[in-house]
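J.: Sequence:
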Amino acid sequence: MSETKMSEEKPDDIDEDGLAIFSLEDENIDELGKILSIKYSRDFYSVTLDGQFNLKEIAKKVSKDENPRLPNATHHKDRLLKTGLIKKEKKLQRKKGHVLNYYKGKPFILIIPKEYEDQVKKSKDLKKVFANMFNLTLSGIIAVASLGLIGTTKLSGSFG
1 MSETKMSEEK PDDIDEDGLA IFSLEDENID ELGKILSIKY SRDFYSVTLD GQFNLKEIAK
61 KVSKDENPRL PNATHHKDRL LKTGLIKKEK KLQRKKGHVL NYYKGKPFIL IIPKEYEDQV
121 KKSKDLKKVF ANMFNLTLSG IIAVASLGLI GTTKLSGSFG
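Numbering (full-length UniProt numbering), first residue to last: 1 to 160.
Treat the hints as calculated values from the structure; they're not laboratory data. Note that the structure is a prediction, hence the values are computed from the model and not measured. Glycine residues also receive a C-beta, built at the ideal position from the N, C-alpha and C atoms. Fair warning: there could be bad hints in the mix.
Mimicking DSS-like on lysine-lysine, the simulated pairs with C-alpha atoms at most 25 Å apart in a straight line are [as the list claims (entries may be wrong)]:
id : residue 1 : residue 2
1  : Lys90     : Lys56
2  : Lys56     : Lys91
3  : Lys91     : Lys61
4  : Lys96     : Lys34
5  : Lys34     : Lys61
Here are the computed distance ranges between Cβ atoms for each label pair [unchecked claim]:
id : residue 1 : residue 2 : range
6  : Lys96     : Ile29     : 35 to 45 Å
7  : Glu31     : Pro113    : 17 to 27 Å
8  : Glu27     : His75     : 15 to 25 Å
9  : Glu115    : Arg69     : 40 to 50 Å
10 : Lys60     : Lys96     : 15 to 25 Å
11 : Val99     : Glu66     : 16 to 26 Å
12 : Arg42     : Ile112    : 16 to 26 Å
Work out the full structure, taking the sequences as your base and the hints as a guide.
T.: Right under this line is the structure:
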């Protein structure tokens with residue numbers, strides 16, 4: 001049995017907050033459009049939002065096949081890495097030289113005009129506000145849904 005060693009790897013061009021920022025004049029904006037127009041790419045990206053997975057695990061979930069085509073998954077992984085929608089989270093180095101990379105998607109995509117790009121990329125507060133806004137929205141949806149369920153059970157009980 002081979003021993004494994006965990007090591008963190010964080011590329012320089014990836015920020016750690018889960019926010020992918022594009023300007024309208026960004027060269028990757030065309031690539032982003034192509035990625036979002038292909039179902040396999042969208043599914044690949046969606047799987048990486050659920051946690052950290054290696055390429056084979058992602059390919060299995062996307063293709064729902066026990067032996068998925070890894071070259072196809074590798075192609076889509078490379079496109080997503082190039083645009084910054086996913087990032088390499090960690091690297092599992094095995095004793096025999098085999099390497100497993102784990103990938104995780106960024107849950108937020110922000111597209112802004114070119115003149116605001118530097119301000120937004122430097123502003124950590126905006127990123128915190130954006131994350132808090134998502135958490136508040138999610139909490140609001142859960143609260144409204146639970147109130148709706150309570151209201152429907154009272155109505156159905158009174159008419160039954």
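J.: Now tell me if each hint is right for this structure.
T.: Right, here's what the structure says about each hint:
1. Lys90 - Lys56: 15 Å, holds
2. Lys56 - Lys91: 14 Å, holds
3. Lys91 - Lys61: 20 Å, holds
4. Lys96 - Lys34: 38 Å, violated
5. Lys34 - Lys61: Within the cut-off at roughly 21 Å; holds.
6. Lys96 - Ile29: 35 to 45 Å: 41 Å, holds
7. Glu31 - Pro113: 17 to 27 Å: Roughly 19 Å apart at Cβ, these two residues keep to the hinted range, so it holds.
8. Glu27 - His75: 15 to 25 Å: The hinted range 15 to 25 Å holds for Glu27 and His75, with Cβ atoms some 19 Å apart.
9. Glu115 - Arg69: 40 to 50 Å: 43 Å, holds
10. Lys60 - Lys96: 15 to 25 Å: Holds: the Cβ-Cβ distance is about 23 Å, inside 15 to 25 Å.
11. Val99 - Glu66: 16 to 26 Å: 23 Å, holds
12. Arg42 - Ile112: 16 to 26 Å: 22 Å, holds
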